[in-house]
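Heads up: the protein sequence lines correspond to chains U and B, in order.
Our numbering numbers the first residue of the first sequence as 1 and each following residue consecutively.
Our numbering numbers the first residue of the second sequence as 1 and each following residue consecutively.
Careful, some of the hints might be misleading.
In silico lysine to aspartate or glutamate, DMTMM-like type, Cα no more than 25 Å apart, as pairs [what the hints assert, rightly or not]:
| no. | chain 1 | residue 1 | chain 2 | residue 2 |
| --- | --- | --- | --- | --- |
| 1 | B | 53 | U | 39 |
| 2 | B | 95 | B | 77 |
| 3 | U | 95 | B | 66 |
| 4 | B | 59 | U | 39 |
| 5 | U | 64 | B | 91 |
| 6 | B | 95 | U | 66 |
| 7 | U | 53 | U | 39 |
| 8 | U | 95 | U | 39 |
| 9 | B | 64 | B | 39 |
| 10 | B | 64 | U | 66 |
| 11 | B | 64 | U | 57 |
| 12 | U | 21 | B | 39 |
| 13 | B | 64 | B | 91 |
| 14 | U | 64 | U | 91 |
| 15 | B | 59 | U | 79 |
| 16 | B | 59 | B | 14 |
Rather than coming from a laboratory, the hints here were simulated on the basis of the structure.
All values reported here derive from a predicted model rather than from experimental measurement.
Number of protein chains: 2
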Amino acid sequence: MLLLVPAARSTAADVAAGRAKAAQCAVCHGANGIATLPDAPNLAGQSEIYLAKALRDFKSGARKNEMMTMMAAGLSDADIENLAAYYQSIEISVKQP
Amino acid sequence: MLLLVPAARSTAADVAAGRAKAAQCAVCHGANGIATLPDAPNLAGQSEIYLAKALRDFKSGARKNEMMTMMAAGLSDADIENLAAYYQSIEISVKQP
Chain U
1 MLLLVPAARS TAADVAAGRA KAAQCAVCHG ANGIATLPDA PNLAGQSEIY LAKALRDFKS
61 GARKNEMMTM MAAGLSDADI ENLAAYYQSI EISVKQP
Chain B
1 MLLLVPAARS TAADVAAGRA KAAQCAVCHG ANGIATLPDA PNLAGQSEIY LAKALRDFKS
61 GARKNEMMTM MAAGLSDADI ENLAAYYQSI EISVKQP
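Isolated chain U, as found in the complex (with noise of 0.2 Å):
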């Protein structure tokens, strides 16, 4: 079975400018939000409003992971809505096993 997810369009943010930042994160992550690393999640088609808190709460300290609370601290509210919204954009489908 496969199911297209249709990635939800975001209103506020701007899906170019994260594009743009999510550069620092392809290391870990991957260019298209597929991680690299076997630690790391993918990102690829995650909903924005899970990525903008799982950033605010590197960045606050709620949540930690040494890379990660590194990462978020140079992060504005304004690339984290970004980030957000570019990483829900990159469609993704999944098939059953």
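Guided by the hints, dock chain B onto chain U, whose structure is given.
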């Protein structure tokens, strides 16, 4: 550009047991690992290592979330490994916007 992401195979963990256990996750994370709620992440195709750590962190309290703290409390170590293996086994593909 369409990229197929090969689902890595698990060794020790039991994908079938994980799939059965995942019934309790489906309300929020979807029967196929694609979330039904914007504040819940997609789990399909996510790395076993990442997922197992997330569940252990929710269970230990290192990571906090009202719903997940409650759900993870009832999971054994084997449940966690099996669930992580199941969600990793779901093949995903991504299409750059």
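(Q) Tell me if the straight-line CA distance from residue 21 (chain U) to residue 39 (chain B) falls inside 25 Å. (A) This hinted pair holds, its Cα atoms lying about 23 Å apart.
Does residue 39 (chain U) lie within 25 Å of residue 53 (chain B) when you go C-alpha to C-alpha? Within the cut-off at roughly 8 Å; holds.
Hinted pair residue 59 (chain B) and residue 14 (chain B), Cα distance within 25 Å = Answer holds: residue 59 (chain B) to residue 14 (chain B) is near 20 Å, not above 25 Å.
Given the proposed pairing of residue 64 (chain U) with residue 91 (chain U), does the C-alpha separation stay at or below 25 Å?
28 Å, violated
- Query: Taking 25 Å as the top limit, are the C-alpha atoms of residue 95 (chain U) and residue 66 (chain B) close enough?
  - Reply: Between residue 95 (chain U) and residue 66 (chain B) the Cα gap is close to 30 Å, so the pair fails against 25 Å, i.e. violated.
Open item on the list: For residue 59 (chain B) and residue 39 (chain U), compute the direct alpha-carbon distance and say whether it is at most 25 Å.
Closed with: Between residue 59 (chain B) and residue 39 (chain U) the Cα gap is close to 18 Å, so the pair holds against 25 Å.
**Request:** Quickly compare the C-alpha distance for residue 64 (chain U) and residue 91 (chain B) to 25 Å and report which way the hint goes.
**Result:** 28 Å, violated
Practice item. Could you grab the alpha-carbon distance between residue 95 (chain B) and residue 77 (chain B) and see if it respects the 25 Å cut-off? Key: Roughly 35 Å separates the two Cα atoms, so the pair is violated.
Please work out if residue 64 (chain B) and residue 57 (chain U) have their alpha carbons no farther apart than 25 Å. 10 Å, holds
- Query: Does residue 64 (chain B) pair with residue 91 (chain B) here, judged by a C-alpha cut-off of 25 Å?
  - Reply: 28 Å, violated
Q) Does the structure keep residue 64 (chain B) and residue 39 (chain B) at a Cα separation of 25 Å or less? A) Distance of about 14 Å is within 25 Å: holds.
Taking only the CA atoms, is the gap from residue 64 (chain B) to residue 66 (chain U) under or equal to 25 Å?
Holds. Residue 64 (chain B) to residue 66 (chain U) sits at ~17 Å (cutoff 25 Å).
When each numbered hint is compared with the structure, violations occur for hints 2, 3, 5, 6, 13, 14, 15.
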